[in-house]
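**Student:** Residues per chain, in single letters:
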Amino acid sequence: AQSVTQPDIHITVSEGASLELRCNYSYGATPYLFWYVQSPGQGLQLLLKYFSGDTLVQGIKGFEAEFKRSQSSFNLRKPSVHWSDAAEYFCAVVILTGGGNKLTFGTGTQLKVEL
Amino acid sequence: EAQVTQNPRYLITVTGKKLTVTCSQNMNHEYMSWYRQDPGLGLRQIYYSMNVEVTDKGDVPEGYKVSRKEKRNFPLILESPSPNQTSLYFCASSLGTGGYNEQFFGPGTRLTVL
Numbered sequence: 024a025q026s027v028t029q030p031d032i033h034i035t036v037s038e039g040a041s042l043e044l045r046c047n048y049s050y051g052a053t054p055y056l057f058w059y060v061q062s063p064g065q066g067l068q069l070l071l072k073y074f075s076g077d078t079l080v081q082g083i084k085g086f087e088a089e090f091k092r093s094q095s096s097f098n099l100r101k102p103s104v105h106w107s108d109a110a111e112y113f114c115a116v117v118i119l120t121g122g123g124n125k126l127t128f129g130t131g132t133q134l135k136v137e138l
Numbered sequence: 619e620a621q622v623t624q625n626p627r628y629l630i631t632v633t634g635k636k637l638t639v640t641c642s643q644n645m646n647h648e649y650m651s652w653y654r655q656d657p658g659l660g661l662r663q664i665y666y667s668m669n670v671e672v673t674d675k676g677d678v679p680e681g682y683k684v685s686r687k688e689k690r691n692f693p694l695i696l697e698s699p700s701p702n703q704t705s706l707y708f709c710a711s712s713l714g715t716g717g718y719n720e721q722f723f724g725p726g727t728r729l730t731v732l
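Protein sequence lines correspond, in order, to chains L and F. So the mapping is simple: my numbering equals the position in the first sequence, first residue as 1, plus 23. So the mapping is simple: my numbering equals the position in the second sequence, first residue as 1, plus 618.
These are computed hints drawn from the structure, not numbers from a lab. One thing to keep in mind: the hints can contain errors.
[As the list claims (entries may be wrong)] Here are the simulated BS3-like cross-link-like pairs (lysine-lysine), alpha carbons at most 30 Å apart as the crow flies:
no.: 1; chain 1: F; residue 1: Lys636; chain 2: F; residue 2: Lys675
no.: 2; chain 1: F; residue 1: Lys636; chain 2: L; residue 2: Lys72
no.: 3; chain 1: F; residue 1: Lys636; chain 2: F; residue 2: Lys689
no.: 4; chain 1: L; residue 1: Lys135; chain 2: L; residue 2: Lys91
no.: 5; chain 1: F; residue 1: Lys689; chain 2: F; residue 2: Lys635
no.: 6; chain 1: L; residue 1: Lys72; chain 2: F; residue 2: Lys689
Please read these numbers as outputs of a predicted model, since none were measured by experiment.
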């Protein structure tokens with residue numbers, strides 16, 4: 024079965040510093056890849072997605088992610104973090120089965136931003 | 619405004635007392651799904667629906683029921699809630715069933731079963 028691993032449960036960065044959140048997936052083919060953000064008390068908001076083509080994808084709020092097939096990774100990056108970026112981030116994949124577009128999520132990375 | 623709504627947002631109940639969490643979307647989406655979120659486990663799919671009257675189990679369906687009588691509504695039913703169903707629940711919808719379809723999430727329902 025496909026799985027998604029986010030190895031960092033918590034990450035703390037200083038405001039203005041760069042950020043990279045790691046995501047690895049296990050699946051033989053290239054899945055559909057997503058990053059979602061969950062702010063405290065809120066639902067999930069899509070940051071960006073990758074299906075095919077250019078392996079560097081741009082998202083909202085200044086985020087980008089790079090798909091690396093050789094490493095089965097889809098890491099999320101931001102050059103300069105803002106205090107409002109403090110939230111929980113989820114990587115997710117979709118493997119098409121008879122069940123349509125079921126998202127399989129990683130366990131999440133909680134981001135704390137120090138002022 | 620295009621959105622997915624859930625009610626209630628917060629619910630405290632007791633073991634065995636039947637409850638329903640409603641989910642409604644106004645985007646004419648075909649696909650709807652329920653997830654539960656637990657610390658350290660991320661989100662896991664409970665049930666999904668690919669269209670009206672078409673529902674199927676996700677990864678953790680035990681103890682839950684769903685129905686899809688209308689395209690816009692996808693209620694989650696707990697016939698006899700137990701404490702292990704204490705969780706944060708999200709409803710989601712997407713236009714179609716292809717993997718490229720973005721799923722839109724509701725604000726969540728925090729359920730506590732005593």
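**Student:** Work down the list of hints and note, for each, if the structure agrees.
**Tutor:** A quick look at each hint next to the structure:
1. A distance of roughly 20 Å separates the Cα atoms of F/Lys636 and F/Lys675; the hinted pair therefore holds under the 30 Å criterion.
2. Proximity of F/Lys636 to L/Lys72 is assessed by CA-CA distance (about 38 Å); at most 30 Å being required, the pair is judged violated.
3. Under the criterion of a C-alpha separation no larger than 30 Å, the hint pairing F/Lys636 with F/Lys689 is consistent with the structure, at around 24 Å.
4. For the proposed pair L/Lys135 and L/Lys91, the alpha carbon gap of about 26 Å is at most 30 Å, so the pair holds.
5. Taken as a hint, the F/Lys689 and F/Lys635 pair is honoured in the structure, with Cα atoms around 27 Å apart against an allowance of 30 Å.
6. A distance of roughly 26 Å separates the Cα atoms of L/Lys72 and F/Lys689; the hinted pair therefore holds under the 30 Å criterion.
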